[in-house]
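Peer 1: As they're listed, the protein sequences go chains A and B.
The opening position of the first sequence corresponds to residue 1405 in this note's numbering, with each subsequent residue numbered one higher.
The opening position of the second sequence corresponds to residue 1405 in this note's numbering, with each subsequent residue numbered one higher.
It is possible that part of the hints are untrue.
[Stated by the list, open to error] With a cut-off of at most 20 Å between alpha-carbon atoms, the simulated EDC-like pairs for lysine to aspartate or glutamate come out as follows:
{"#": "1", "chain 1": "A", "residue 1": "Lys1481", "chain 2": "B", "residue 2": "Glu1495"}
{"#": "2", "chain 1": "B", "residue 1": "Lys1481", "chain 2": "A", "residue 2": "Glu1467"}
{"#": "3", "chain 1": "A", "residue 1": "Lys1507", "chain 2": "A", "residue 2": "Glu1495"}
{"#": "4", "chain 1": "A", "residue 1": "Lys1481", "chain 2": "B", "residue 2": "Asp1418"}
Just so you know, these hints were derived from the structure itself, not from any lab.
Next come the chains, spelled out residue by residue.
There are 2 protein chains.
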Amino acid sequence: MNDTLSSTFAALADPTRRAMLTRLAQGPATVKELADPFKISMPAISKHLKVLEHAGLIERRREAQWRPAQLQAAPLKDASQWLETYRQNWEENLDRLDEYLRKLQEEQKS
Amino acid sequence: MNDTLSSTFAALADPTRRAMLTRLAQGPATVKELADPFKISMPAISKHLKVLEHAGLIERRREAQWRPAQLQAAPLKDASQWLETYRQNWEENLDRLDEYLRKLQEEQKS
DNA sequence: TAGATAGTTAACTAATTGGTTAAATACTAA
DNA sequence: TTAGTATTTAACCAATTAGTTAACTATCTA
Chain A
1405 MNDTLSSTFA ALADPTRRAM LTRLAQGPAT VKELADPFKI SMPAISKHLK VLEHAGLIER
1465 RREAQWRPAQ LQAAPLKDAS QWLETYRQNW EENLDRLDEY LRKLQEEQKS
Chain B
1405 MNDTLSSTFA ALADPTRRAM LTRLAQGPAT VKELADPFKI SMPAISKHLK VLEHAGLIER
1465 RREAQWRPAQ LQAAPLKDAS QWLETYRQNW EENLDRLDEY LRKLQEEQKS
């Protein structure tokens, strides 16, 4: 799917890529630095970065022989806003649980 | 990947499934009702529902010949919380843009 | 019991994904 | 110019995904 939200969520569906974003939240990093915590090959890392780049979640520069990546958080904001519309639903569920427990207690009194 | 966050984001990476969740935010619905807006076959719908169910995003009952689905928003809450840790980053980016524009203006004065 | 409606399962396909190894490219430093 | 470091590209592979059609199961109603 080409729509932004789909490629954002697809990019976030992989734990390696989420870990990369977590690292990048603290500032730019080279490919080597991003690869360090993982035991997968460099080409695999390169592909993950490409997915993140195509999703608009990172931007890359060239600096000598390095290709530092920098987080671009705008798509995360959009994803967050999409989820936000469901806040009522997850709070509602808790409300319903509260209500259920309250009713149960009332029934036990009688 | 089996981790909850990965399967939540993977489930959200498809526009058909997101539309289903949007419909379910307003209350339970049968498979037929959920299928209605789409031109894909029933087995395809059935598979999407299975993805949502395995991700814990819906729960299903049997009621006569219907299998109504109901939204379970808890995984959305977790996803939202994961994204929330990046709020600073997307707000920071805007701050940096502000700063950049401010500097640009100062330079033009001198 | 037969027909209609609701939904799933099976078997298949084409495209995508996440990984690999080997080779190529880009740049630095001696 | 040669060696070393950083990174990407190419070619391949196995598993997964999103769809299909055909056949099956479950339930209600006449």
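Peer 1: Take the hints in turn and mark each one as holding or not.
Peer 2: Right, here's what the structure says about each hint:
1. For the proposed pair lysine 1481 of chain A and glutamate 1495 of chain B, the alpha carbon gap of about 9 Å is at most 20 Å, so the pair holds.
2. At most 20 Å may separate the alpha-carbon atoms for a hinted pair to count; lysine 1481 of chain B and glutamate 1467 of chain A exceed this at roughly 39 Å.
3. Our distance criterion of 20 Å between C-alpha atoms is met by lysine 1507 of chain A and glutamate 1495 of chain A, whose separation comes to about 18 Å.
4. Between lysine 1481 of chain A and aspartate 1418 of chain B, the direct Cα distance comes to roughly 18 Å. Compliance with the 20 Å bound is thereby established for this hinted pair.
The earlier numbered hint that this structure contradicts is number 2, and it is the only one.
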